[in-house]
Amino acid sequence: MASLLNTERPPVFCPGCSHEAVVRALDQAFQELGLRGEEIALVSDIGCSGLFDTFFHTHALHGLHGRALTYAAGLKLARPELTVVATMGDGGLGIGGAHVLAACRRNLDLTLLILNNFNFGMTGGQFSATTPESSRLGSSFLNSLERPMDPGRVVEAAGAPFVARSSATSRALPELLARAIGFTGFSAVDIRGVCPGRFSKQNRLTPKMIEEELAALPPLNGPIEANERPEYGSSYRRKASECPEVSLPPAIEPAFASPQPVRQEVLLLGAAGQRVVTAGELLCLAGMSAGLQATLKSDYPITVLRGHSISEVILSPEVIEYTGLLEPSVVLALAEDGVARRPSVFERLGPEAVVLRAAGIDMPKTRAGVVDLDLPGLGLKRVDWALGCLAALAGMERAIHRDMLLSALEKRFSAEIASESRRTVEQVLTARPWAEASPDGSP
Amino acid sequence: MGKCAGQYDLSGFRMLDGNEAVAWGAFWAGCGFFSGYPITPATGIFNAMLGILPPSGGTVLQAEDEIAAIGACLGASMAGLKAMTATSGPGLSLFSEHISFAIGSEIPLVIVDVQRLGPSTGSATKGADSDIQFMRWGSSGGQPVIVLCPMDVRDCLVLTVQAFNLAEAFRCPVFLASNKEIGLTKESIDLSGLALPAVRERTRPEPGQGYLPFRTRPGQDVPLFLPIGGQTALVRQTSSTHGQDGYITTDPQVIAAMQERRRRKVEAHAGEMAFAELRGEPEAEAVIITYGVTARAALAALAVLQRQGRSVSVLILRTLWPVLEGRIREACSRAGLVVVAEMNQGQYAREVQRILPNRSVRGLGRMDGDLLTPTEITEAVHG
Chain A
1005 MASLLNTERP PVFCPGCSHE AVVRALDQAF QELGLRGEEI ALVSDIGCSG
1055 LFDTFFHTHA LHGLHGRALT YAAGLKLARP ELTVVATMGD GGLGIGGAHV
1105 LAACRRNLDL TLLILNNFNF GMTGGQFSAT TPESSRLGSS FLNSLERPMD
1155 PGRVVEAAGA PFVARSSATS RALPELLARA IGFTGFSAVD IRGVCPGRFS
1205 KQNRLTPKMI EEELAALPPL NGPIEANERP EYGSSYRRKA SECPEVSLPP
1255 AIEPAFASPQ PVRQEVLLLG AAGQRVVTAG ELLCLAGMSA GLQATLKSDY
1305 PITVLRGHSI SEVILSPEVI EYTGLLEPSV VLALAEDGVA RRPSVFERLG
1355 PEAVVLRAAG IDMPKTRAGV VDLDLPGLGL KRVDWALGCL AALAGMERAI
1405 HRDMLLSALE KRFSAEIASE SRRTVEQVLT ARPWAEASPD GSP
Chain B
166 MGKCAGQYDL SGFRMLDGNE AVAWGAFWAG CGFFSGYPIT PATGIFNAML
216 GILPPSGGTV LQAEDEIAAI GACLGASMAG LKAMTATSGP GLSLFSEHIS
266 FAIGSEIPLV IVDVQRLGPS TGSATKGADS DIQFMRWGSS GGQPVIVLCP
316 MDVRDCLVLT VQAFNLAEAF RCPVFLASNK EIGLTKESID LSGLALPAVR
366 ERTRPEPGQG YLPFRTRPGQ DVPLFLPIGG QTALVRQTSS THGQDGYITT
416 DPQVIAAMQE RRRRKVEAHA GEMAFAELRG EPEAEAVIIT YGVTARAALA
466 ALAVLQRQGR SVSVLILRTL WPVLEGRIRE ACSRAGLVVV AEMNQGQYAR
516 EVQRILPNRS VRGLGRMDGD LLTPTEITEA VHG
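Protein sequences, first through last, are from chains A and B.
Okay, so the first sequence: first residue is 1005 according to this note's numbering, each after it adds one.
Okay, so the second sequence: first residue is 166 according to this note's numbering, each after it adds one.
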């Protein structure tokens, strides 16, 4: 194959820069693999390594410092047939560390070349993630306080299945790069070189010294057996093809007449773990089965199994604009956590409103009718109190009735859960706990 | 990639929340790539995309952070896929540098911001319109972006399709300014009445023509698109200041022409991305300008004020950027009072004040996690 070097744009590195040797080695590797420019995307970011893409006749994507691997991931997932090679300096390795670790864990078929010359060349020789502590650099004494990392060991630990180290001027580099690019999976090569413009001005470092240092390190020169596994993209496509197609939520056909075909506002005041949002959804579906429109606005903290859980449901024959509650007609007091978040609601309720109180929880005084429901007495666990209250509402024919609620269960749940929930509802409807309560308004 | 809405039976009322609606809108617009990072209240979009895309040949990637999420979208978009990411304020902050990249390098992308109460990590489960100015100006270079703003589930579907269409047609990032109060609020909706816009695609060059990635045809402001990885031409993309060939340039004339074209392709075409609705009396004495979930309270307030015999209208802005200056001036041509109602401390009121320097413009803001109420809006009109 012909060289892919862009002869109109020869390398512009400092005289003596190791990067130039890597450009030539990469071109030889492409030739060895028989790749055309159209089959390759070179992805680069900021720093001297970021110039790489301009020296080749390939597709190219040059972006932000340390982020080359993020674009590379998108390119490769979108076009699995493309050979994607990312270049990054030791600066990019530091700022883009999260992406390097993620690429190692993910194992997309990408190749990362770390152009490691131990400092930030372009900005004046500041220390990087790989600068030895003893170096003299533009960061004064600061680099003496931080330990350099060994990119090879880091990416190996993070799960890269192909890891190698090399001197930029090694004669074996073209062959190594061809192996890395040809490897199916994530491959990372730490390519160490001399930065004559900055690092080597104050620090003695020769290709021979780099070779000697590399020889003293544990060898990393290709596949890491313990990390070898199926490539991400092909695994993704296989698993994705096995996923069932999802459909829109079911359409709810109006089948019933609503007991009160006017705007109803229902406030559910409960706690996490009481299936409050699910109860809100059931109420909406029940309303829709009577041709009403519905909104469900929920409020809960970021904690999952603790804290309040509040749902605000509006059912209306008209279009619902404002989704907040103006005058709740029904309040379900399911837990003190929820009640404590809306204490002023109880003062505002008029005598026509009704509060269904589960299990005698504490709540503020109100002019609304209060119906005490002894749901624990019916054997209902706390998790079912919201559903129990909906059943009571249906029995009282407030906002919904029995058939509306049962149809909501069918729409919302799998057959098994629906039938279990139906038993709970029927149990409450049979026991009629609301009939024993005296709605005298005094909690 | 994807299916069109026409392939579904859309009749009857269903329950959807805004986040699910955004995902279906994206799918019907042809989105083939979604990458995101978990964040309340935007995670629902991630979850819905994860249900919808994989079985239909699309890709969903859980990225290692928001920088990677949007970076992967940029890569996938340059490879030719329609791409979307979704986040909330804290994630938008991390998007910032890549948003500049998408603007300057003309990469189509839809960014959904399900806004929550800021500043900073703020309140994850409380709504607000925290990022209205941030979306417009949170990028280096200050070049224009497009921001669409839904007020309900229906808008989430329709405007997401519009957002993709604009991103593809104008090769730029387009934001959807959602809000916890829309994203996580479920509503009954009859989808059969949806007027979904026709799906648009990037314009590609005719085969056989020489291709330069940032060259525009005479009289056109948007360069033709070919994907990275295509076999007809080598495609270069770069975040650096570039000429038509996608290589770095330092030529001030070339740079100025590129900057001006990117500004012009949005601002001179504002009419093609203008979504707004005036409800109530045209040429009213009092105009309530609003957007997002607050528009719903404003409509409730409008009904009350009309019953009281007030000459009043509500201007609902579904495009926030570019600012619909003509529509705002027109709606307020006879207004003695303009109220700008929004869930922040007056981020958009300042735009309205700028456009209407000689009118009485009253900002009505609320930023405590609760909705502005119809009563608050009615009272603001009464003064």
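In case anyone wonders, no lab produced these hints; they're calculated from the structure.
There's no promise every hint is true.
To be verified - Listing some non-contacts, in silico: residues in chain B with all C-beta distances to chain A over 12 angstroms:
id: 1; residue: 177
id: 2; residue: 192
id: 3; residue: 230
id: 4; residue: 234
id: 5; residue: 236
id: 6; residue: 292
id: 7; residue: 364
id: 8; residue: 420
id: 9; residue: 490
id: 10; residue: 510
id: 11; residue: 524
id: 12; residue: 528
Claimed, not checked - Covered stretches of chain B, going by a simulated chain A footprint (3 or more residues, C-beta under 8 angstroms):
id: 13; segment: 493 to 507
id: 14; segment: 533 to 546
Built from N, CA and C at the ideal position, the CB exists for glycine as well.
Right, here's what the structure says about each hint:
no.	hint	verdict
1	177	violated, 3 angstroms
2	192	violated, 10 angstroms
3	230	violated, 6 angstroms
4	234	violated, 8 angstroms
5	236	violated, 3 angstroms
6	292	violated, 9 angstroms
7	364	holds, 18 angstroms
8	420	holds, 17 angstroms
9	490	holds, 27 angstroms
10	510	holds, 20 angstroms
11	524	holds, 26 angstroms
12	528	holds, 20 angstroms
13	493 to 507	violated (count 0)
14	533 to 546	holds (count 4)
Against the hints set out earlier in the document, violations occur for numbers 1, 2, 3, 4, 5, 6, 13.
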